[in-house]
Amino acid sequence: MLAYLLRRLWQTIPTLLGVVLLVFFLFRKFGVDPAQTLASLNATPREIAEIRQQLGLNEPWWAQLGLFIKGIVTFDWGRSWATNETIAHLMATRLPATLTVTIPILILDTLIAIPIALGVAYVRGSLTDRAIMVGTTVALSISFLVYVIVGQYVFGFQLGWFPVQGWSDSTWTNLLVYAPLPVLLAVMVGLSPQTRLYRSFFLDELGHDYVRTARAKGLTEPAVLVRHVLRNALIPILTNVGLALPGILIGSFLIEVYFSIPGIGREVLLAVNRSDYPVIQAVTIYVAMLTMLANLAVDLSYRAVDPRVVLR
Amino acid sequence: MADPPDFASTSLISTLPEPATVRRADGVWRSAWRRFRRDGVGMVSLAVVLAYAVLIACTGSGLLARGWQDEVGQPDAPPSFAGAAAREATGAASAAAAAASARANVDISDIDPLAPRYKEWDARAAQYHAQTRPVAATLPFGADRLGRDVLSKALKGTQISVSVGVLAAIVATLIGASLGAVAGFFGGRVGDLVEWVYNVLTAVPEILLFFAFAAVFGRGISTLVLIMGLTGWTGQYRQVRAEFIKHSRREYVRAAEAIGAGAGARMFRHILPNVSHVILVRMSLMVVGFIKAEVILSYLGLGVATHQVSWGTMLAESQSELILGHWWQLAAATIAMAVFVTAFSLMADAWRDALDPKLRGQR
Numbered sequence: 000m001l002a003y004l005l006r007r008l009w010q011t012i013p014t015l016l017g018v019v020l021l022v023f024f025l026f027r028k029f030g031v032d033p034a035q036t037l038a039s040l041n042a043t044p045r046e047i048a049e050i051r052q053q054l055g056l057n058e059p060w061w062a063q064l065g066l067f068i069k070g071i072v073t074f075d076w077g078r079s080w081a082t083n084e085t086i087a088h089l090m091a092t093r094l095p096a097t098l099t100v101t102i103p104i105l106i107l108d109t110l111i112a113i114p115i116a117l118g119v120a121y122v123r124g125s126l127t128d129r130a131i132m133v134g135t136t137v138a139l140s141i142s143f144l145v146y147v148i149v150g151q152y153v154f155g156f157q158l159g160w161f162p163v164q165g166w167s168d169s170t171w172t173n174l175l176v177y178a179p180l181p182v183l184l185a186v187m188v189g190l191s192p193q194t195r196l197y198r199s200f201f202l203d204e205l206g207h208d209y210v211r212t213a214r215a216k217g218l219t220e221p222a223v224l225v226r227h228v229l230r231n232a233l234i235p236i237l238t239n240v241g242l243a244l245p246g247i248l249i250g251s252f253l254i255e256v257y258f259s260i261p262g263i264g265r266e267v268l269l270a271v272n273r274s275d276y277p278v279i280q281a282v283t284i285y286v287a288m289l290t291m292l293a294n295l296a297v298d299l300s301y302r303a304v305d306p307r308v309v310l311r
Numbered sequence: 046m047a048d049p050p051d052f053a054s055t056s057l058i059s060t061l062p063e064p065a066t067v068r069r070a071d072g073v074w075r076s077a078w079r080r081f082r083r084d085g086v087g088m089v090s091l092a093v094v095l096a097y098a099v100l101i102a103c104t105g106s107g108l109l110a111r112g113w114q115d116e117v118g119q120p121d122a123p124p125s126f127a128g129a130a131a132r133e134a135t136g137a138a139s140a141a142a143a144a145a146s147a148r149a150n151v152d153i154s155d156i157d158p159l160a161p162r163y164k165e166w167d168a169r170a171a172q173y174h175a176q177t178r179p180v181a182a183t184l185p186f187g188a189d190r191l192g193r194d195v196l197s198k199a200l201k202g203t204q205i206s207v208s209v210g211v212l213a214a215i216v217a218t219l220i221g222a223s224l225g226a227v228a229g230f231f232g233g234r235v236g237d238l239v240e241w242v243y244n245v246l247t248a249v250p251e252i253l254l255f256f257a258f259a260a261v262f263g264r265g266i267s268t269l270v271l272i273m274g275l276t277g278w279t280g281q282y283r284q285v286r287a288e289f290i291k292h293s294r295r296e297y298v299r300a301a302e303a304i305g306a307g308a309g310a311r312m313f314r315h316i317l318p319n320v321s322h323v324i325l326v327r328m329s330l331m332v333v334g335f336i337k338a339e340v341i342l343s344y345l346g347l348g349v350a351t352h353q354v355s356w357g358t359m360l361a362e363s364q365s366e367l368i369l370g371h372w373w374q375l376a377a378a379t380i381a382m383a384v385f386v387t388a389f390s391l392m393a394d395a396w397r398d399a400l401d402p403k404l405r406g407q408r
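So the protein lines, in turn, are chains A and B. The opening position of the first sequence corresponds to residue 0 in the working numbering, with each subsequent residue numbered one higher. The opening position of the second sequence corresponds to residue 46 in the working numbering, with each subsequent residue numbered one higher.
Everything labelled a hint here was simulated from the structure, so no lab data went into it. Here the structure is a predicted model, which means the values were calculated and not measured. Some clues are possibly wrong.
[As the list claims (entries may be wrong)] Partial list, derived from the structure: chain A residues whose beta carbon lies under 10 Å from chain B:
{"#": "1", "residue": "F26"}
{"#": "2", "residue": "M90"}
{"#": "3", "residue": "A91"}
{"#": "4", "residue": "L94"}
{"#": "5", "residue": "T136"}
{"#": "6", "residue": "S140"}
Using N, Cα and C, we set each Cβ at its ideal position, and we do this for glycine too.
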């Protein structure tokens, strides 16, 4: 187990190095000159030269790459060019807002989609099944943006069930007052693809012999579905949830921008619009790290879900 | 060495009666088309997609919606079918406002120092010829904030959005399929290198990768296509690589190698036609994904620029219109997009069923 863990962690190094190289050369090669961005519009050439000196831009590229990697390893991401806020502080203050929205979305999406998908898979081919499949196809063809625009208008503006938008300093107020509308809309959008996906997982399992065996030995249908089919389908479901895990850390850009939620996603978009490279670079690398850790965690959890899995 | 016997010329074989029914096996595409034709949903969706293609061709060549930027209606003119009611409401409001202003309008010409000169100015103004273009009070699908025809905008937007999706899918397919073919066919060092690039790109969520590229490359339609292609090829790569690994060990490829076919010929003349349906189906799924991505990115300000029109920019504009009760632009863009995306996804599903090699040979 420990050997497995160590080897997996060792294997992530080349990939992580690749992400670092990609980010470094992408911004260095194609991005604008940082000194030009940082200096004011009427800066003298001498001021620009000083900034270049300060940022180490006069060093050869490998020395700059060394500095860049050193910053990553020591978790010293530097400061935002636009606000001069340290990036560590920026992430720490923006992450709670993102998580307040994304964690309920992930939990609700999964918990609602599983029973629907199981039910639909159970009555496959029936009118209900086909109606739900057609409904999800149509629901999938409408843009997320339309759900958000119409949802905010109907639930927030016309019916007045939720505040149209807003955010406060209290986590509980946010969770109970401001987050429900964005969460509701995101769950509505996420439900269709999740239901379709999980239905296909359940259909795969329902075709297996062990289902027939379980029925033959006289188990009730709920027992067959929950104790046998659901448990076997947990592996692909878990993989899917695991793949979605890193996403909760950057949040939904659209939701955060639309509802003015001060989260990481909105911050990254602001950084893109302001050419605030350090923020984009830091978030990209940090999310890549977490993605790889999430993948590892998913692989480890297979063992908990399915004793047949041997980690090698 | 003796010549091989010439079987065809031997009398025994030539005198054998021809079998009554010689059924040549259909080609892959022909039999797929036969299966596809039996799929009612598939045929309807194909017809819808073809209708869209005709509209896009007409719009692209300038036959339709050439003047989408002309301000032909009143600002926010309602659609004709809802026209009467909507006009009435605003008409009543403006009548009330006129009455109110009439009451407030007191004759102040005694104390107005400019009063003696009004006549002179009117006469001077009359010398200039002002041309007012008549603007329609209602349009078939209404007008936007500037009085542009929503129907024309929807047509032009369809052209841009679908082209962006299709072009990006082509770019992504070219990258993904060629890298997948190389990695799957050669394996070894080359395969490891490509696999490393794949791992690096998939380690970062696609949207974040897109933002990083957009931050350095800027905006615009061609940049959008390029970036979506550069960041979105990984799914295609994965699938093509798996197919090439599978096929490169099959007997027909070994046979081709035995008669001296080079690596290029084996990859492109022998394997590629056998996996092309996989590529095509994956590509059509990508088109749908990219069209949806364009909408979100245009809203976030990273996609199609505001002086152009796409479903994304139309929806972005409709956010502020809806608060005022002007729902027609939202409806037009949503319907145009929903119909196309539904038809295209159903068509892709039908093609996948028709081309599925596991079903090939049945019936």
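Verification of the hints:
The interface hint given for A:F26 holds, since its Cβ lies 6 Å from the closest Cβ of chain B, which is under the 10 Å cut-off. Below 10 Å, beta-carbon pairs count as interface contacts, and A:M90 has none with chain B, the closest being about 14 Å; its hint is therefore violated. Taken as an interface hint, A:A91 does not check out: its beta carbon lies about 19 Å from the nearest beta carbon of chain B, beyond 10 Å. Residue-level restraint check for A:L94 is violated (minimum Cβ-Cβ distance to chain B is 15 Å; threshold 10 Å).
With its C-beta approaching chain B no nearer than about 6 Å, A:T136 sits inside the 10 Å limit, and its interface hint holds. Here the hint on A:S140 is kept, as its CB sits about 4 Å from the closest CB of chain B, short of 10 Å.
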